[in-house]
Amino acid sequence: MTDLVFENVRLIDPVDGHDAPSRLLVREGRLAGRDKPGAEGMPEGAQRIDGKGAVLCPGLVDMRVAIGEPGFEYRETIASCARAAVSGGVTTLAALPNSKPAIDEPALVRLLRGRGEETGLVSILPYGALTKGCKGEEMAELGMLREAGAVAFTDGIHAIADTKRMRLLLAYARGIDALVVQHPEDPSLAKGGAATAGALATRMGLPQIPAAAEAILIARDIRLAEMTGARLHFGHVSTGEGLALIRQAKARGLAITCDTAPPYFALNEEAIGEFRTYAKLSPPLRAEKDRLAVCAALADGTIDAIASDHAPWDADDKRLPFAQASAGGTGLTTLLGVGLSLVQDGVLPLARLIALMSCDPARLLGSEAGTLNEGASADLCLFDPDIDWVVEAGEQPGRAQNTPFDGRRLKGRVLGTWKNGQRVFGGEAA
Amino acid sequence: MAETLTRRHHLLGLEGMSTEEITPYLDLAANYALLSRSRTAPRDALRGRTVINMFFEDSTRTRTSFELAGKRLGADVINMTVATSSVNKGETLLDTAATLNAMRCDLLVVRHAASGAPALLAQKVEASVVNAGDGMHEHPTQALLDALTIKRHLGTLNGLTVAICGDVGHSRVARSNIHLLTAMGSKVRLVGPPTLVPAAMASLGSVSIHHDMESGLRDADVVMTLRLQRERMGAGLVPSAREFFRFYGVDSRRLALAKPGALVMHPGPMNRGVEIASDVADSAQSVIQEQVEMGVAVRMAVLDRLSRMRTAS
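Sequence lines, in order, name chains V and P. Just so you know, the UniProt record's numbering puts 76 at position 76 of the first sequence, and the rest follows in order with no gaps. Just so you know, the UniProt record's numbering puts 297 at position 297 of the second sequence, and the rest follows in order with no gaps.
Not one of these hints is a red herring.
Subject to a maximum C-alpha distance of 20 Å in a straight line, what follows is the list of computed EDC-like cross-link-like pairs (lysine to aspartate or glutamate):
#, chain 1, residue 1, chain 2, residue 2
1, P, K124, V, D317
2, V, K135, V, E69
3, P, K124, V, E274
4, P, K124, V, D314
If we take Cβ atoms under 7 Å as the criterion, some of the chain V residues that face chain P in the derived model are:
#, residue
5, A199
6, T202
7, M204
8, G205
9, L206
10, F275
11, R319
12, P321
13, F322
14, A323
15, Q324
FYI, nobody ran anything at the bench for these hints, they're computed from the structure. We put the CB at the ideal spot given by N, CA and C, even for glycine.
Bound-form chain P, shown alone:
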């Protein structure tokens, strides 16, 4: 599937991507991270290009991150937030594609509640499509920014043990991270109750499943927590937020089981006191704010690279 997921220079997912395909994104992003900090980034890499952020689902932080990335490279960036009420109408998505073609947009960033929606759009638009999160399927730029953050602190991904905790089953962040981390040689543990970490998750690659935090976190290099949606309680997947925190929350006692200095990560927005204790989120081990910073750098790298591959073809 890797070939088709990247054909025509889209970034629809990380499934099937090799180390060789992932590394150039990370290297370029590392470079952009340095340049951004020194405020010397060349602001013309995307001059004259149009980037459209099309969000069918609310997400202020991811949209802002892509917007900033595009603007730092000199692109014209337009945000379109599509009312959720019309998402289920169907024509919307393909009609939108026709509209975008007419606007001659170069790069299209798509967030959608349905798995596969960016892939469907990619079939119909002439722009390069970047998946900014589709349903439970993938969120490739999040996994890339997580990888970059880890590399900056630990130097490599190869051989690390990464525990992904919480609502793994519904998480596109988890799926993209599993594909990326296993490709880069990390050992991935999925930690949570069986209702949130179903057995079928084991089929996603060489991952191990843990239903207790103690075995899941022990000697981990990285502890990644995921947001628990309130609706999981209503759907009967977990009884309450406080029970979830009691058994699956990342607190300092559990974090002490991981390697000394293990990184604490969260894709945001956090529910403090549900999946993560406040003191852990704010501790010296937390790299959560840095993840946000690396997000901009990674998105600059993705937009730049796709744009250049477009020009080359």
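If we strip away everything but chain V, and leave its shape as in the complex, we get:
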């Protein structure tokens, strides 16, 4: 295996906030330390990679990805998902368990991990189902799933509706110190809804989901987490009210964490105008005040991670009347590009943005990925924060094309991605 030396790069190590021109050494597919630009000690036979001033950071860790395989390969396979991931600088992704079958068997957890390694592009961290079949009823074998390599437990796109059941799940998870991830939306308020409640959905005549559906479930579950002492994480939080509750819970010292996804800080409900189904997401895109609240919660640290919330759908799942179309959008390819808008808008410093998409979610999931620590796998992302490009549905890497950012101009593009020291995207990638 060829050793690598990255030179002429702005190196960002999100663990210690290092952000300076540096060299980075890779030996035998592992990180071998950083030093000042122009330092001595070029390893013999190493390949020199000139970053031309671009940013080098750990390969991104995406903690919320729906894949499609097993069960929905017509939408996306693991292989096509991995291609989309590396095009966005993502080298580790946590896969939601609501596939078909659901990931509620230890063998399926091992299968997903193995299939990730087979791609040679990404590592897959499987979520285990919280309940059998992700049906919200019988508890899944959390302990055995964890032994098989499940990093946390969730029913994916469904909240646990029954309060007592949620309490028992949290209590049991507490016993094995497992992280529970909840889709924060009161199911009965959300049932049949297609857009966030308000003037726009009223005008369009669409069935509505009140923003309070999120806060109501978050309030309930924070209280249950407090009763049980469990570690609880809310995925894709999208409202100011929900975030305020999480902020308070953190201030009280509870083990509550959350993530959000780029659509919730870069788009608002107006994106669904004229019945654009690619912008139909779950939770639905919210009002502008909620988008601003998500930005504020990113800035003040209430939000612990940014995940793509990648949800692949086939064109036929989307070319339907709005209320009948499937909810969800792709996000792997655009994760970094849209995320960089937070830096351009002064919401976050660059090193903090990278942390939210690498070491911070990895830590939540008990993974060592997302750092530049010596000895870690050389998973790296090289990007130019100044390149403009336009997102085009139909031209995205991977099979699924249902991006809510279709037509949007982004500033910042991935130039190269390395997995275990091998270039897997950009340049002379295999």
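Since chain V is already given, all that's left is putting chain P on it; use the hints.
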């Protein structure tokens, strides 16, 4: 949104339309109403044109009204009723669009249970699309025929107070009427319980919301009632038909609060004794039958106008 809702000569909705855009439809329809009564309408305005009525939802009266309108103008009119069981399959709608293109249809009239379905079809078909009611979104020809009926009796829409009563929240008729009436200078009141008239309805324009019939109907020029679907009871929005009638039904006692001679309207079909008392529906103030007549005239005007704009472009 107005520009896109009318682009390529479709009539998908009235939202955003100005007085100047609405008035030509009403003027032409008024003309057709006269000609229809004297049975001297030129029967060749749409000769050689094909109108397809595509109803994904049952509606005998609206379909018949469009059919008659097309036939009175000499068009070849074909009715397609699509089985509701296949509506949710998805391919149906776009496959249908491809089929229609192959048939070289000129005007496509669409009724669908999902908001935005006619807009989706309009993207894919070469015909001009007329929205004959989509989900809770819009029902533009109903609002136009309501406006024409009001104008015939009261001369103008400007300055009138119109009370729209009942299941406003789920109503495409109400939405189209709100857009049209506010554009034409009427004052619109939405009257009903908060479960049927949610606060967000106030965002639809300069409308006022009333949760009691007394304040809602007082001094109104027009009292428009809407059909209350039985399923609203099952969904827990109102407890029963008799309680609804007791508190929100239009009866002669409440109608007396409105201006003397105020018009009583209903888009049909009526539930007598639920949203409207029988004696009110049959009273001299009721213009419900005339609404049906104006429906044909308005649809003639819409088909004719869209067809001519098509030819011109």
